[in-house]
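S.K.: The whole structure should be built from the sequences, with the hints applied where relevant.
Listed below, chain by chain, are the residues.
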Amino acid sequence: KAGVTQTPRYLIKTRGQQVTLSCSPISGHRSVSWYQQTPGQGLQFLFEYFSETQRNKGNFPGRFSGRQFSNSRSEMNVSTLELGDSALYLCASSPVRGLMAYNEQFFGPGTRLTVL
Amino acid sequence: AQRVTQPEKLLSVFKGAPVELKCNYSYSGSPELFWYVQYSRQRLQLLLRHISRESIKGFTADLNKGETSFHLKKPFAQEEDSAMYYCALWEYGNKLVFGAGTILRVKS
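Chains L and B are the protein sequences, given in the same order.
For reference, each letter of the first sequence is one residue, going 1 to 116 in this note's numbering.
For reference, each letter of the second sequence is one residue, going 1001 to 1108 in this note's numbering.
Treat the hints as calculated values from the structure; they're not laboratory data.
As the structure is a prediction and not an experimental result, all values here were calculated from the model.
For every residue, glycine included, the Cβ atom is placed at its ideal position computed from N, Cα and C.
Be a bit skeptical, because a hint or two may be false.
Said to hold, decoys possible - What follows is a set of in silico ranges between Cβ atoms, one per label pair, in the way DEER data are often shown: (1) L99(L) to I1103(B): 26 to 32 Å; (2) T1060(B) to P95(L): 23 to 29 Å; (3) P1075(B) to A101(L): 26 to 32 Å; (4) E1020(B) to G62(L): 28 to 34 Å; (5) K1065(B) to T7(L): 38 to 44 Å; (6) P1075(B) to R15(L): 46 to 52 Å.
M.R.: Right, dumping it as structure tokens:
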């Protein structure tokens, strides 16, 4: 099976712009979670989507949003970019939700966003 | 708030020496804990979870509820163990709370 893919791999934006990142889960996986990874804050949960519905959300401002399509692909959007949004954004997919899915959860390579 | 603490940013050991990566947590319920590893230029991947009680790549971790700890151990470090290690706590709602991570460097 192909792994989790994320596009683009690198992005450079300026403050105030918006950005859309994409995550394609492993075939058959229906749950997609997003994480932000920064040197200062480490890995922080952004949100989780399952069956096209947001099921859980982390402590991020409303500028961070996402969606999931019927084929389970997910996008996240950040509007009005700030310098502090510079980070590696990871997505992870699993076949189902819940604790038992973690043995089958796989991460993508991430999208490196730089905000100037 | 639930928290995961990894007190060491960097742990440097010699090849063949024992390794212990520390992780402490605070959680009001019955915790579900994981260790994740990220090798250089590779993806984050699950190393082990406490419920499975497996040994993966020689690593083990025991949940100590009294000390609220989930330390990762290996009796003899190998150079290929050099990586970033994250301890994580599963929260109801399908959310992982990660510690800040510890870089393990195994010197030859």
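S.K.: Which earlier hints can't be squared with this structure?
M.R.: Hint 4 contradicted; others consistent.
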